[in-house]
Amino acid sequence: MNLTLKIWRQKSKDTKGKMVDYKVTDISEHMSFLEMMDVLNEQLVAKDEEPVAFDHDCREGICGMCSMYINGEAHGPDRGITTCQLHMRMFNDGDTITIEPFRASAFPVIKDLVVDRMPFERIQQAGGFISVNTSGNTQDANAIPISKHAADEAMDAATCIGCGACVATCKNSSAMLFVAAKVSQYALLPQGQVEATDRVLNMVKQMDQEGFGNCTNTGACEIECPKGISLENIARMNREYLKASL
Amino acid sequence: MSGLFSSSIARKVAMALSALFLVFFLLIHVAVNMLSVFNEELFNTASHFMGTNPLVQFAMQPILMFGVVFHFVMGFVLEIKNKKAQGVKYYKNNGAANSTWMSRNMVYSGAAILFFLILHFKHFWVHEMNVKYINPLPEDPNRYYEELVHVFQSPITVVIYVIGFIFLALHLLHGFQSAFQSMGANNKYTKAIKGFTKAYAIVIPALFAFVALFHHFNH
Ligand code: HEM
Ligand code: SF4
Ligand code: FES
Chain A
1 MNLTLKIWRQ KSKDTKGKMV DYKVTDISEH MSFLEMMDVL NEQLVAKDEE PVAFDHDCRE
61 GICGMCSMYI NGEAHGPDRG ITTCQLHMRM FNDGDTITIE PFRASAFPVI KDLVVDRMPF
121 ERIQQAGGFI SVNTSGNTQD ANAIPISKHA ADEAMDAATC IGCGACVATC KNSSAMLFVA
181 AKVSQYALLP QGQVEATDRV LNMVKQMDQE GFGNCTNTGA CEIECPKGIS LENIARMNRE
241 YLKASL
Chain B
247 MSGLFSSSIA RKVAMALSAL FLVFFLLIHV AVNMLSVFNE ELFNTASHFM GTNPLVQFAM
307 QPILMFGVVF HFVMGFVLEI KNKKAQGVKY YKNNGAANST WMSRNMVYSG AAILFFLILH
367 FKHFWVHEMN VKYINPLPED PNRYYEELVH VFQSPITVVI YVIGFIFLAL HLLHGFQSAF
427 QSMGANNKYT KAIKGFTKAY AIVIPALFAF VALFHHFNH
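Just so you know, the sequences run in chain order A and B.
In case it helps, my numbering puts the first sequence at residues 1 to 246.
In case it helps, my numbering puts the second sequence at residues 247 to 465.
Derived from the structure by calculation, the hints contain no laboratory data.
A couple of the hints might just be wrong.
Unchecked claim - Within a straight-line C-alpha distance of at most 30 Å, the following computed DSBU-like cross-link-like pairs (lysine-lysine) qualify:
(1) B:Lys440 - B:Lys327
(2) A:Lys171 - A:Lys13
(3) A:Lys148 - A:Lys16
(4) B:Lys330 - A:Lys11
(5) B:Lys330 - A:Lys23
(6) B:Lys440 - A:Lys148
Stated by the list, open to error - What the simulated footprint calls covered on chain B by chain A, stretch by stretch (three residues with Cβ under 8 Å from a Cβ of chain A suffice, anywhere in the stretch; the number is not a length):
(7) 263-277
(8) 324-332
(9) 422-428
Fair warning: this is a prediction, and the values are worked out from it, not measured in the lab.
Built from N, CA and C at the ideal position, the CB exists for glycine as well.
The following block holds chain A by itself, in its conformation from the complex (with noise of 0.2 Å):
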C-alpha cells in the first residue's frame, strides 16, 4: 500500500505544532498501524530529519501507552482495540490518513504525538487502592465471599488500562469514564467498602481540578474504549458520590 499521512508535528511543549504531509511506500496490509510508523520514522532518519515522537511500550493492547488520534478517531477506526493492534488492513492503497495527538487542555503535548497523561495518575493516588497490611498477615482475597456478579462486573471496570481514549474522544475531554472504572473496581467489592467515601470524593476532586470537562452523557467514550467499558459504571460512580457527599 502507499499512502498520505497528515501528521502533528509540534517541537515542544511551548512550540506551535503544525500538520506535516509524508509519503510512505510499500506497507503491508499485515502491519500493525505502529510498525507502519516505525517504517516512516526510519525513513526520516534515513534522510537526516527528526523522526516522529509517539508513545507505546507493549505493543498488545495492555499498557494504554499508544496513544493517536487517527482520521478522527482514538485509536483509529476499529473497535476494542489500542493503536497497537490497529492493522493496515483497515485503510486502502492511496488513502489520506490524519495522525494527531490525544486532546485536551489537561492532556498537552509534549512532542508530536505524544501527550503528558500524568493527570491520570494523580487522579489514581487521589483514592484509586484498598489500604492491605502487608506485613505477612494479608487475608488470602479468596477467603472473602464474593458473587459472581459482582466479581465479573468488578473485573470488566478494572480492565481499563488507562489509555485516555475516552477524554480524547469526548467533546467535553471528560475523565468520567476513566474515573468511573477506577471508582466501580472497588465499589463492587467488599475490599473496597471501608475507603469508599473518601475515595470517589477525592478522585473525583482531582478530576474536577485536573481541568477536565463535564460529562454530557453522548456515549462516545464507551465506543472507543479500548476494553468497552460500560457508562454504568459512569452512573455507578454518580450514585456513588451522591451516597458520599449526602
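With chain A's structure known, arrange chain B with the ligands on it following the hints.
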C-alpha cells in the same frame, strides 16, 4: 454536603433535575393546549384557573421561571467550561462515528428553544401581565381561546413555533434519557427509559405543533 454544588457531578445532577422538572411541566402544558382543540369552554376554564389561582401564579410560576433560567444558564456555563477543557481542536474529528448529532449539539438545540421561548413569552406572558396588571382590562374568563387563535393567525408565528418544536424534539431525544444516567440510574429499566424517551420526545412536540397548525388552518 460540602462542595456538592461546586463539583462536576453535582452540576450534572442539578442540570438533570431542572430538566426533568421542565419535562414534567411540558406534559401539563400540552394537556391544556389540547383542550383548545376539542373544547373551547374547557380550555377557557383551565386557562382561567391557571391564570388566577394563587398557588399556580405565586408558587408554581416562579418555580417554573427559576427552573427555565437555571437550566439554560447552567447549560451555557457547562458548555463554556467544556470548551475550555477541550483546548486545541482536532484537525479531523469524526464525531458521527461514536455519538448522535443530538447528543453533540444540545447547546444549539437549547439555544433555538431559548429563542423560541423569548417569542413565546412575548406572545402570551407579556400579554398576560399587560392585561392583568399594567393596563387592566375587565376580567373576562372567556378571553383565552380568542387570544390563542389570534396568535396563530400569523403564518410566520406558526412557522417559527413549528421550528421551535422540532428543536425541542431533538433536545429531548438525547436529554430525557440522559437525565436518568446523570442521576445515576443505569439498570434494567434503561432500555425502557430510552424507548419512552423516543416516544415522548416525538409525540409531545408533535402535539404542540398540531395545536398551532390546527388553529391556523381552522379560523
Ligand atoms: C431554554 C432553553 C434551553 C437551553 C439553552 C438548554 C440547554 C441545555 C444544554 C446545554 C443541555 C446539556 C447539558 C448537559 O447535558 O449537561 C441540556 C440538557 C437537557 N435539557 Fe435543555 N435547554 C433548554 C430548554 C430545555 C427545555 C424546555 C427542556 C424540556 C422541557 C429541556 C430538557 C433538557 C433535558 C432533559 C436535558 C438533559 C439533562 C441531563 O443530561 O442530565 N431543556 N439543555
Ligand atoms: S475507560 Fe477505556 S478509554 Fe478510558 S482510559 Fe480506561 S481503557 Fe482507556
Ligand atoms: S503499546 Fe501498549 S497498548 Fe498499545
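A quick look at each hint next to the structure:
{"no.": "1", "hint": "B:Lys440 - B:Lys327", "in the structure": "28 Å, holds"}
{"no.": "2", "hint": "A:Lys171 - A:Lys13", "in the structure": "22 Å, holds"}
{"no.": "3", "hint": "A:Lys148 - A:Lys16", "in the structure": "52 Å, violated"}
{"no.": "4", "hint": "B:Lys330 - A:Lys11", "in the structure": "23 Å, holds"}
{"no.": "5", "hint": "B:Lys330 - A:Lys23", "in the structure": "34 Å, violated"}
{"no.": "6", "hint": "B:Lys440 - A:Lys148", "in the structure": "28 Å, holds"}
{"no.": "7", "hint": "263-277", "in the structure": "violated (count 0)"}
{"no.": "8", "hint": "324-332", "in the structure": "holds (count 6)"}
{"no.": "9", "hint": "422-428", "in the structure": "holds (count 3)"}
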